[in-house]
Structure formats: C-alpha cells, structure tokens
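If you want the building blocks of each chain, they are given just below.
2 protein chains.
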Amino acid sequence: MTAAADSGRPFTVEPWVVREPALHLDAMGQTESVFALSNGHIGLRGNLDEGEPHAIPGTYLNSLYERRPLPYAEGGYGYPESGQTIINVTNGKLIRLLVDDEPFDLRYGQLRRHERALDLQSGILSRDVEWVSPAGRAVRLRSARLVSLTQRAIAAISYEVEVLDAPALLVVQSELVANEQLPAVDDGDPRVEAALAEPLVAEQHRSDEAGATLVHQTRVSGLRLAAAMDHEVHGPERVKVTSEATEDIGRTTVITRLKPGEKLRVVKYLAYGWSSRRSLPAVHDQVRAALAAARFTGWDGLVAEQRAYLDDFWATADVEIDGDAELQQAIRLATFHVLQAGARAERRAIGAKGLTGNGYDGHTFWDTETFCLPMLSHLAPDAAADALRWRQSILPLAIERAQQLGLSGAAFPWRTIRGQECSGYWPAGTAAFHINADIADAVRRHVAATGDTDFEREVGLELLVHTARLWRSLGHHDSAGEFRIDGVTGPDEYTAIVDNNAYTNLMAQLNLQYAAEVAARYPRAAARLGVNAEEMASWRDAARAMRIPYDENLGVHPQAEGFTDHQRWDFENTPPEKYPLLLNVPYFDLYRKQVIKQADLVLAMQLRPEVFSPEQMARNFAYYEAITVRDSSLSAATQAIVAAWTGHLDLAYDYLAEAALIDLNDLAGNTDNGIHIASMAGTWSAVVAGFGGMRSDRDGITFAPQLPSALSRVSFGLNWQGRQLRVTITKDEAEYRLVSGPPMRLCHHDEPLALADEPVIRTMPPPPVVDPVEQPYGRAPRQRHPG
Amino acid sequence: MTAAADSGRPFTVEPWVVREPALHLDAMGQTESVFALSNGHIGLRGNLDEGEPHAIPGTYLNSLYERRPLPYAEGGYGYPESGQTIINVTNGKLIRLLVDDEPFDLRYGQLRRHERALDLQSGILSRDVEWVSPAGRAVRLRSARLVSLTQRAIAAISYEVEVLDAPALLVVQSELVANEQLPAVDDGDPRVEAALAEPLVAEQHRSDEAGATLVHQTRVSGLRLAAAMDHEVHGPERVKVTSEATEDIGRTTVITRLKPGEKLRVVKYLAYGWSSRRSLPAVHDQVRAALAAARFTGWDGLVAEQRAYLDDFWATADVEIDGDAELQQAIRLATFHVLQAGARAERRAIGAKGLTGNGYDGHTFWDTETFCLPMLSHLAPDAAADALRWRQSILPLAIERAQQLGLSGAAFPWRTIRGQECSGYWPAGTAAFHINADIADAVRRHVAATGDTDFEREVGLELLVHTARLWRSLGHHDSAGEFRIDGVTGPDEYTAIVDNNAYTNLMAQLNLQYAAEVAARYPRAAARLGVNAEEMASWRDAARAMRIPYDENLGVHPQAEGFTDHQRWDFENTPPEKYPLLLNVPYFDLYRKQVIKQADLVLAMQLRPEVFSPEQMARNFAYYEAITVRDSSLSAATQAIVAAWTGHLDLAYDYLAEAALIDLNDLAGNTDNGIHIASMAGTWSAVVAGFGGMRSDRDGITFAPQLPSALSRVSFGLNWQGRQLRVTITKDEAEYRLVSGPPMRLCHHDEPLALADEPVIRTMPPPPVVDPVEQPYGRAPRQRHPG
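Chains as they are written, first to last, in our numbering: chain G, 1 to 787; chain V, 1001 to 1787.
Hints listed in this document are in silico derivations from the structure and should not be mistaken for laboratory results. Quantities reported herein were computed from a predicted structural model and do not represent experimental measurements. Be a bit skeptical, because a hint or two may be false.
Pairwise CB distance ranges (calculated) [as the list claims (entries may be wrong)]:
hint, chain 1, residue 1, chain 2, residue 2, range
1, G, H477, V, A1022, 32 to 40 Å
2, G, P614, V, G1481, 31 to 39 Å
3, V, K1578, G, H477, 49 to 57 Å
4, V, R1528, G, R568, 33 to 41 Å
5, G, D570, V, A1282, 21 to 29 Å
6, G, P768, V, A1533, 28 to 36 Å
Here's a subset of chain V near chain G, in silico, CB distances under 10 Å, partners left out [unchecked claim]:
hint, residue
7, W1016
8, R1019
9, A1073
10, I1485
Even glycine gets a Cβ: it sits at the ideal position worked out from N, Cα and C.
This is chain G alone, in the form it adopts within the complex (with noise of 0.2 Å):
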C-alpha cells in the first residue's frame, strides 16, 4: 500500500483495492459513487451502514423510475411531454446501532480509526472502524458488504460489533427504509420536486421474527416494488430479536449486552424485486423466494460465488499495466464498474452512471452502445447482447417516434430508463440520430466480436433494418446525387442542427451497408421484416452516394458541412473557470464557432479508420485536437485512441489516464452523481484499441501494438469469436496467447500469424517520429509520461 498519490485524493494507490484510509468528509459524494455496488439489477451507493452522514442516500433498481414533468417556456410539436428518474427506492443497506444508548454516529465522540476498501476480486466493499461513544464506550465495526452477482435480486451485509475496553449495551436496528428525505435539490422547477418528494405509496407492509418486507408503487409510474430483509444473528447467548414494520419502514431490532472481547454479529440479507405488470402477491412472494435461497446460500456461500464470478471475469478481463501503480488500480476499477453496470442488466438499459448515482436522471444514451459495449463485447458477452435485446424490446416505441417525427424505421430515444424520449432539448436530443447508427454499429461488433450469428438474425437483423429504414428516410439525395443527411447534432455537443455531420454519415453509410448485407444474408427473415430486393438496394446506393464533406483547402475533413469556415474559438482569451463553456456560455455562441466539447470528426476515424488515408487521419487529428476542450467525458478515451494511432504515443498515455482516472480523481467535479461508465469502459478501450491498436470484423482480428514511454509492459484479455485470447506488449515484443479455442489467425503490424497452443511472439516496430500537436490553450491533458 502506498500513500494516496494526489493529495486531497481520498484513496490509496493498490494494485487490486481501492481503499480509503481515512473518512474523508468533503469526499463523501465522490466515495459513495466510487464504493458503489451493482450488478446492474440492482445498485446500492457506497453510504455508511448508518446512513448519516451522507451525500446522496442511493438505492436504486434498473428501470424504477418515476415520470416527472417536462416543462417548457415555448412548447414545440414532438417535445416529450414527461421524462423519468431514476428515484431513491426503500434503503435497505441501512443498519443503526447504539451504544449504551448512544448513536453510532461518526460526527460525535472520537473516531480512532475508519476505513473502507472495495476489493475488485472479491466485490465486496468492507468497512473498520473503532469509535469512542461521547460517553466514553469504544467499539469496532466491522461490515463488508456485497451485491449479488450471481443471484441477482440479492445483496448482503455482514455487520459486527465488539465492544473493546467496558461492557456495553447494543441495539442494532437493521432497517428498510422507503421515502428517505433526500438532500434538497434546486433545480429551478418546484413542481419536478414535489413529484419527487415522496415517490412511493405504500401497498403492503408484513414483519415476521427476523425481517420484513415492504410493498410500495410508484406514484405517479405505477411501477410496483417489494423490498424485503432477513437476518442471521451471532453473538452471546442473551441476544433479543423483534421486527416491526409500518408503511414505509421494516425494522429488526437486535439487542444484547456484550463484554470486551465479545462481538456481535448480524447477517442481513436484502433482496428486491419489480415490476411494471405483474400483481403484488407475485411481486411479494417474487422477493421473499429470492431471500429464501440467499439465507440458504449463506453468506459465505454468497462470498464463494462472489469470487468464483469475478475470478472467472477477472481470468479474461484483466488488464495489467506495468510502470504506473496508478493507472495499474484505475484501469482495474473502470473495469469493474463497467462490469457492475452491465452484468445483470438483463434486457434493462444500462445507464449512463450504471446504478451508482442520480446524474443524467439515470438515463441511457448512446454512450452503451458507442463506448460500454466494445468492451463488453468481449468481456462479458451475455450483458452486452442483452443490452442490444433491450434496444430490440423497445423498438415499438422508436418505431411510433419516427412516425411522430414524419420518418420511417425506427428513432430511438436519445435519453430514456424505459425507452421513452425524454429529452427537453431537441436540438441536442431527437436531433442528435447518430445514437440508431451507434446502436447498428454495436450490432455489427457484437457480432465481429461473438461470431454469434443466431443473434445476428433474431436480434441484429431487426434493429438493423428500422435504423436502415431512418436513414433512408432522413437523408435525401440533392442535385448532385450525393446522398446528404441535413439538420442533426452529432456527438460534439457544441455544435448542433448541422448538415451532413462526417460522423454521422458515415456511421449511417455503415448502418445501411450492414443493414443491406445481413438482410441479405437472412432473406427469409428480412422478408417477414417487409424487406426486399428494391429496399436493400435503396441502402446500398444510399450508402455508396453518402456525403463526406472535405476541406481541399486544409486537407481536414470539416466535422460538417461549412464547419472549418466558422469562426476559432477565441482560446486565448477563455479563462480555466469558464470551463464546461456550456455551463459559461450559451449555446448560440458555442455552436457557431470552432470549439468542440467531445471528439466528434475523431470518433469517427477511431470507428471507420478504414476510410481515412494515414495522412488524412494525422491531419485530421492535429485539426481537431486544437479545438477540442474535452468538456464531456466521452473524449478522452477517443483522442487516446486516435493519438496513439498517429503516432502521438505519450499523449495517448495522457488521454488514458484522464479517462481513467476521471472517478479516482474525481477529475470533472461531479463524480459524485455517480461513476462515468463510458469513460470507465473508454479506458479499456484505449488499452485494447489504442495501445494494441485491435480491430475485429467478423472475419478476422489484428493487432498493431505500441507503447508509450513510461510503461514498460501492457497485458489484456478479450474473448473472439469462441475464443479467450492474451495479449502482451512490452518494449521489444508482443505476446500472443490463446488461452482456450480453436487454432485463429491475426495480424500483428499487418503480419498474419497463425495462432494455436503456444503463444506467438513478435518484436515491435521502432516507436513512431511525428511533429507535436496542441491543444486549446489550457486545455491540454495533464502531462503524465515523463518530459
């Protein structure tokens, strides 16, 4: 263990925990997101066993949500009318104790000492403490707590208590608690509060000797959910158990006289469950089966699965980095959460923070698609389909949004829980389609990576012909016969409502292409889609007549039509606290002038680099790299990429670590409403993608790695096509191992290898030599490679 490496960062620096040491007050928010625990099911925020102190009380379940209005001061044909949150459902993580009467309660009395760590192998966040009560009692907490990833309704909590130097009386409420008062929120719209206030009424309340279980609807959503608890108790012979429950609160009291040495110790086991449709009796007994088989599974049961999971992840997953201790425990975290977003997701949207926090109302964006599922693609295959399956189960309503927006196929909303369009701002919202060629595009790599052609057909064929559909019908062709897609946002925020975003069109141009050739390949299936010859045909010559606007002028790709005329941002003269411009700046100002909030021009050389010439791709980088402010957090992990593809080594280094350490760090300043899980997987990413420069298509996979300066060796794992694959670069070589599979072949710098039972080692190229480039005045990342 070493000491925290920036100073104020509450965590150490070790290879396979994150541990905070010391309670750090002022980091609370940031600690409760980064010690979050899901499986994508469900998600408990990091906050103490006693609740209080707390930033953010977080307990959330995937797709609970509550509609809330969507107000506008000059309404607009087509604007969502309501949009849904993510709410604060029934706390059961919540365990009170007392001490001879006093609360445990870590602002009073003496705190000797307080630490927490969530290991990344085991996935169990635990927690040691010893506390002197104002009255002068000391005790030792003990709690480690867990989120089931294998039984998916199930977390856990081992609490213990020992009373160290006098005998103490203990109570320890154990608790569900539904409608906690949350911190007050001002965001300008007292009526959004008020439907948020309480969202839950209650339906059903029931204790028995050692828990309870609590039934509540949402208000407004109509959404039921049952919460219910159980508890093991260990400790000395005389030790009272009771439970009682209300309408919003089940409580198991637990209290017994302990000498010093002595502990006490109570398993709880949560377990939730809900449901849009089914009765309460169903929802009811639904959560009360799943608590049955986790208190027979026991705790240490729960623990063994636990690690038998993750051991298993971890096998494949791992990223190992040598040179930079830090980035070594980062990578490992982002790799982490991207799993807990996404594991047991099941057909539910991942969100944007995973179920780690309350930003973006937990909303999914194309952020799963674009930058969660490359990764888990080949890490997590399963959660990665069932994400796309999500997509194709919400398809009727992007299908009655295009016909509200006058459009064929399908629209997919562009921030939704359950598939509703909930943007209250078009322009960077419905106008802003790329997200259905994002979605097509992760069709396509799902199955380059899987080979998974059953999904291919019963899933990717479907959402490949509606999003074909949309393009088809958004774009036109002019006069000159080229395909044009006018008036849509791509992902640069900062600019918006542009003719033929390059983006755009060519993620569309590949939408219709694949949409083409999978229909194609499927033509019983098309046919039942309504597909024929005529319709494939039409997204063929879409595709091939697609517009790419180019500036002859500066050789750059212009990121939209007309954009390279536009006006510099005036850099010079932009202050560091006028960042995020868009919190500084309004809009009109920030779209009209050559600023970028996120790689835009440069995610689309990181997913079609097939069609930009090396020179091109450099000039087109050097363009946009000095006008780029990363603004958003989907950036980073692009520019690292690209950088490294260009030749910029040490500053792809620089960009991956930003991405990376962006929740450690807590380098945007909002970490606290929750982990940035795009940035998370982005890391991945820029390892796999940029440092091993790996690209796949369904037939085949290469490699072209390269390291930066400081690191001295980089290992990562993926699953391809049926097979678990290794790779591992240092300086002077690159390793190839397949671990399990059958014989492949690859190609390293374009040398095709054939690969079987033993590992394959080539040298590596000399390190590249290209000119600088630069970034907007301050806005460079932080300089991490040495000189």
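Model the placement of chain V on the given structure of chain G, informed by the hints.
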C-alpha cells in the same frame, strides 16, 4: 351597406364603418379584437358593456405587465429565467344594467336587435340593442365608447337606456373591477396560471358620490396602477346615484324609474395611470387630474377632439381603393388599427397585437420596426420616432444582454414588454439577431421619410453605433476575406441557426454602412459614444466584405448557406389540416428542409431592392414563392410587394387582400387573441410600396405605379420630409399632388418630375407580361382577381 361578403363573417362591407348587424356569439373573440379601441397607451377590447358573455375580457395598459417564470426541461446558460406577460388590468368599461331586477344579459330574454359599429372616422364604437327581459320588459340600449387619442389617460362611455313599452325600475351599475375572473387557459404549466391568476394586489380604494378610484400593484413585477371613474347622469328628476369601493371593486349605482319613451343616460369617464416608480399618492392624483380634465372637456368635447384628430390623420393617411369595396374597408380598418397601436404609445413598446388582445403575451418583436414603422414614419411620424426612442431607452438592457452573450454593442430582445429578453426558445429568439438591423433600418427609413436630422443625431446615432458594434463582434472574416455571420436565425422561422442568412447579412451590411455614414456626419456626437475612425473603418470594411451566398447552378440567392441543397418539403403529401406546420411537425424536420414559413430572402428583396438585378429578383421570387407556405401573418404583404415589383400584379392583389382581411375575415383563425398589427401595416406598404412602387431615401422619393386588373383606381397619401403628397393611380394615369409643403422633385417610373402647386399627371406603362409563378400545393392565396 351591403351584406357581409363572406358567409359566416360577422361584418358588413361599408366604406368607413365596420358593422356587426347582429350578434355573433360564435365570433365573440374576433369581434372583441376588431372592435378593440386603443390609443397605444390604453387598450379596451370590444367586450360588451355588461361584461358577459365574453371570449376574452381585456383591458390593457402599455407596458403594464406581470413577471412569470420561464421553465425549461433542460436549462442553458443565458436562458431568460422570467418572462413578461401583459395582464388584464382593472376593467373600467363594465356597466351592468338591471331592468326590474332582471340582469340585462343577452343570453336570456329576447334580443330584438343588436348592432355594433366601429366608425373609423369618429373613432367611436357604438352599440344599439333592443332587448326584452324574460319578464317581458322591453328596453333599448345605446352606448358609445371611445379611447381618447387626445387625452391619452382617458376613455369614456356614453350609456343610454330607454324603456320601450311599460314603466320599469332601472339600476345601472358602473364598475371598476380588478382581478376579473378569466377564462381558463391550459398552457400546461400551472405555475404560470398561478402567477397570473390574481395579478393585482390592492393598495387603496376610494369612492365619492359619482365615482371611485382603485390603486393596485402587480404582485411580482411591482408596478403600480390606478384606475378611476367619474360619471355624469342625465335622466328624469328622481335619480339616485351612490358609489362604493372595496379592494377590487369600485361601483357607482344609478337608480331610477322610467316611463316609456324616457331615457336614462350615464356618461362614464375613465382614467388610468401607472408607473414603476411613482408613489401611490402621485399615481392616484395623476388619474384624478386626468379625470377632472376629461370631465371638464365633457363627452361632446372628447368626441369632437377625437374626430378632429382623426380628420387630420385621414387627410393624409386615407387609401382609396376603387373596384373592391371589401378591400377598401379592410385597408381603412388596417390603417386605423396601426394608428391605434402607435398613436400615443409614447416611448413605450408597440406590441405585435397592439393593445387589442393577449396574444404573444403582449410582446413586441421586430414587427414594429420592419412592418409598422415604414407606415408610421410616413403617416404619424411622431409615433414612429417615439417607438425608436423607446428602443433607445432600453439600450442599457440591450448592452447588458450583449455582454451576457459575449458580444459587443447591443443585443435587443427578440420579444419583450419592458426591454428584457423574454424568449424561451433561443433558436427562434436570441439567435434572431436580425432584429438589431431591423431597428437600424427603421432609423434610416424614418430619417429618409421625415428628414429629421435632430432625430438622426440624438436618437439614431446611438442606436446605429451599438447595433453596428454588435454585428462587428458577431461576424468574422473567413480565410478568403469574406465577412460571415454564422449560426443565426433569419426571419423565416422554419429555418434556424444557419450560416450567412442572406437577409441578416444584407441588413447587417446596411446597418454597418449607415452607422459609419451617420457617425461621420456627427463626429462629435459619435466621439462621445467612443467611435473613432478605426472603428468606422472596420464597419465599412465588414459591410464591404459581407458574404451574400449565391447558388450559381440555380441562379438564385440561397436563403442561407446550403439552403438550396436541402430536401424540398413534400408539399404534395401535406394535407391542409397539417397547416400551420409548426403545430404538426417538429422543428427538427422543418429546419432541415426547403419550406418557408414567411418571406425571408423575399423580404430582403423588399428592403434592399438595389442589390438585386431585375432578373435575380424575378428568379428569386419564383423560387421562394414555390416553397413559402405563409404560416406567418408577416408574409403576405411582403409577397404582395415583390409580386408587384416582378410584374405579378394580380398575385400581388391577392396577397394584399389576404394581408388586409386577416382579421376582418379571421383568416388565421386567431384574431380572438388580438389584431395582427404587422399585417395591417403591411397592407399599407403593399399599396404604397407595392402598387405605388414608392422607394425613398434621404435624397429623394420615387414611384413606379402599377395597378392590378381588378382595381380601377388607387389613391394614397403620405408625409415626406415636411410635405404632404397624394398619389392617385388609374389604369391610364398617375397623378402626383403636393398637398402641402415646399416644391420637390420625384420620379415616376425613372422619369424625374418637379412638383409644386399644380398636380403632375403622367401616363402609366403598359401592364407587364411575365411567366406565372407557383405556390406550394394548396397554399396559393385565395384568387380574388378575375380570371
């Protein structure tokens, strides 16, 4: 008097009177607007004396507004947080009648006769009713109402009741009512309704024998208003008059018993005063003084003053139309309503609806400068000057707004009452910067029309300097040296956030040129504003380098960069019920296609004809005519003018009629919300600039008269640089007459003429022969011309 021309239209066709011969309950909203009386300071909708039934009760005071929250589903920097809404103030036009204890209410009993008539020569709205109460008492009621053009704080009502066939006990209750209950409006935001439900907070109430005074403050905006009434009663000897007042009601009660043939006449004098700063006693005393002056003048005196004022106005302003009686009436009503909106606005805003309704929240837009002031500068120059002085008075707010947007100079609000930006949708609000050039151009035209160099120096210069500075900071030179203005919205609200909107750039060019010219003319005054030679040179340079996009392939000016590459709207598959499109189609779809709500490039041709060759003007007109749907009332008049200039005289006539009849025939279906003042004013321009071919600058005035086939004679007058001119056009001849003022020169179809005491007569050119133009499917104006 002839029958109403359109079936369903409530009005007869008469030259000088707008008469509703029988009550149209279903057209109550429309008649309330058409019969609204105003002097620009006070506005009274044409509500019935007794208040009910009504569509929208309305008593408005210029600039008396309430603040209301502007909510956003997703906020943004620089979005206005609160808006301003015109409110229905203390209603002083209310006179209730009881006949033998039976309330006079048209919905009960028998209505034998009900006629209302607005006399455009006297400015008086009169009413003549014969009614039999449910109990069988027959009465005749005659009322007359005026809002004084000579005493701006005053309105007056003469109210006369006659008992027809049996004696009856009459009670007349003449009232002041604050916080009238309004019809419910569901605009989706209960907070807005709450804010505006009871906007007036009582401060003081007083009554004396024959009158009362109520003083209130607006709840949030804190503006103080006083309303006072006094009465003269003429009747049989035994008449009892009492008055009382409570917080929100002032009431004078007149009781008498009439025998058949006897009459009771009550003259009600009403005064309003309001202020954001003056004390309660000051405002109170102000209205009592105004009331005393009105009573001193007397009803007959007020009527005589009104007539004299209007005689003087009509002597110049009257437009005579031979060959279309309906259009003749409509043009006079249009002229009257524009006068009413502006006459006594006196350094307050002239709203888009004048003071005739609550449409657009009572806001002022660019309509005033671009559509109303061209007419007012020639017919009521003092009112035009005052409207621009109002703009000058809000310069500090506009400068502050520019700073907030990161710009120099002044950014005038897109919509406002008091001067603060109240637009809740920035793509069609803040981004519509052209309003600044529209103000500058109104200055230029006003100086050309009046020759008022004092105004140019004292008012114009400051407006010009600050708007020129705005343009200089908003635009930039591109690498080719052209001056671009990117990311703004032009007049056409179906296209937004575009680069180099031709209208905007042409108007900005003129703004910059004219600012430099005027600054050079008044160097000391300019220096006091900090203008130096360098700055003037930079304005001239930007104007000279201004980019005006041109499509060489089509030979037309694109409305903005790339516009002509966009997909054409599918007009053929757009059924009539889809119009106006903005209510049935998302902005996203409108913005990216070639479909035009309202004249944009065509308006640029109207306002800057000198930069277009005749061939360009013809090609541009034909091109835009085919994609302009006229979903805005700001379009027909402009299309009329350019149609006339390009030789489409009969089409121009159709458009003129559409502009003129919009309210009389309720063509837009929303006259209930108030009169379309800009369309009314555009009517005048369509006659004078369109058929008269009038163009003027500070150096001269020219005419190029032409007549459509349906009209045999058109005659119009105008003030020009200290002269009164009258131009009379027939099929064969044009006559120019100098009614007053020094000799002058003008042009008739490019032929220079000298004009002094004697009229000059010139022959008309032969009618032009041109290829027809087409409108979008189903969107041609109603064909009014024969054949």
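Hint check for A1282 of chain V and D570 of chain G - Cβ pair distance inside 21 to 29 Å: 49 Å, violated
Could you tell me whether the CB distance from K1578 of chain V to H477 of chain G stays inside 49 to 57 Å? 24 Å, violated
Restraint check, 10 Å cut-off on beta carbons, for W1016 of chain V near chain G: 40 Å, violated
For the range 31 to 39 Å, tell me whether the beta carbons of P614 of chain G and G1481 of chain V fit it or not. 33 Å, holds
Would you say the C-beta atoms of R1528 of chain V and R568 of chain G sit inside 33 to 41 Å of each other? With Cβ atoms ~34 Å apart, the hint holds.
Just tell me: holds or violated, for the beta carbon distance of P768 of chain G and A1533 of chain V against 28 to 36 Å? At 53 Å between Cβs, range violated.
Interface hint check: A1073 of chain V, Cβ to nearest Cβ on chain G, cutoff 10 Å. Holds or violated? 2 Å, holds
Under 10 Å is the threshold here; is the Cβ of I1485 of chain V close enough to any Cβ of chain G for the hint to stand? Hint holds; I1485 of chain V Cβ to chain G Cβ min 9 Å, cut 10 Å.
Given R1019 of chain V as an interface hint, is its Cβ closer than 10 Å to any Cβ of chain G? Violated, about 38 Å.
Using the C-beta atoms of H477 of chain G and A1022 of chain V, is the stated range 32 to 40 Å upheld? 58 Å, violated
The structure shown violates the earlier hints numbered 1, 3, 5, 6, 7 and 8.
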